[in-house]
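J.: Sequence:
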Amino acid sequence: MAEAMEIKAAGAAANWDADPVLTVEHLTMRFGGLVAINDLSFNVGRGDITALIGPNGAGKTTVFNCVTGFYKPTEGRIVMRHGPGRQAEAVEAVTDTNRQWDKTANGAVFLLERMPDFEISARAKVARTFQNIRLFSGMTVLENLLVAQHNMLMKASNFTVGGLLGLSGYRSAEQEAIDNAVYWLERTHLIDRADDPAGDLPYGAQRRLEIARAMCSKPHLLCLDEPAAGLNPRESAELNELLQYIRGEHGTSVLL
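For the sequence shown, this note's numbering assigns the number 43 to the initial residue and increments by one for each residue that follows.
Quick caveat, the hints were computed from the structure, so don't treat them as lab data.
Certain hints may be false.
Claimed, not checked - Below 20 Å or equal to it, Euclidean Cα-Cα: the simulated PhoX-like pairs (lysine-lysine) are:
id, residue 1, residue 2
1, K145, K167
2, K167, K114
3, K167, K260
4, K260, K145
Construct all of the structure, not just a fragment, from the sequences and the given hints.
T.: Next comes the structure, spelled out in structure tokens:
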């Protein structure tokens, strides 16, 4: 890393060690001779909002890419826990095998560095947004949120058969997906733009739509890469209010 990063959290400080949803241990990421991250360790407490703070080039985006599976770290361990507590024995049991995850009495534990990115999203329940907005600009605002629920709809349709036949199980899942999308459009004050192309939204609204899309997957951990970049003071205040709501009402841990 060019510069060191700081780790700061809003929430119960005891959660960092006693009840971490995410533990990053001795994370190192090299690109040839370039060391982007060097022996970084930190916890994200369950129900906390935790920030990685550092200048441009410090490696913050690289950390997000390692946590979410876009990069495979050169060294280190990244542990995601769905249940309370550190679950040290379960974590070590998975580490000592070739498994990617395991269920425990207190909830599943995952070794994210061993998992492909789609499994980290679908199974470990880690969602993210990007520094550069990545919406489907030609699709409507509502359709962008339905795309985020594609895996659930595919399973409900028995991988398209139920959808083609219009079976009740698929229709029920489809309505649930629409209701979930509408819920997050209301929470992000975008419900009046539901039928507009996502590309027509102003920049700040597109940022909120990205967060709404991520939350439609019902994550345990929400990773936001530079979520306030380019926002004016009013939009930044709205973002802060939204993140507090996500943490307070849904118990979702946030890393930004």
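J.: Each hint needs a verdict: does it hold in this structure or not?
T.: A quick look at each hint next to the structure:
Distance restraint check for K145 and K167: the Cα-Cα separation of roughly 14 Å lies within the 20 Å cut-off, and the hinted pair is therefore satisfied. At roughly 18 Å between alpha-carbon atoms, K167 and K114 fall within 20 Å of each other, so this suggested pair holds. The hinted pair formed by K167 and K260 meets the criterion: a straight-line CA distance of about 7 Å does not exceed 20 Å. The hinted pair formed by K260 and K145 meets the criterion: a straight-line CA distance of about 19 Å does not exceed 20 Å.
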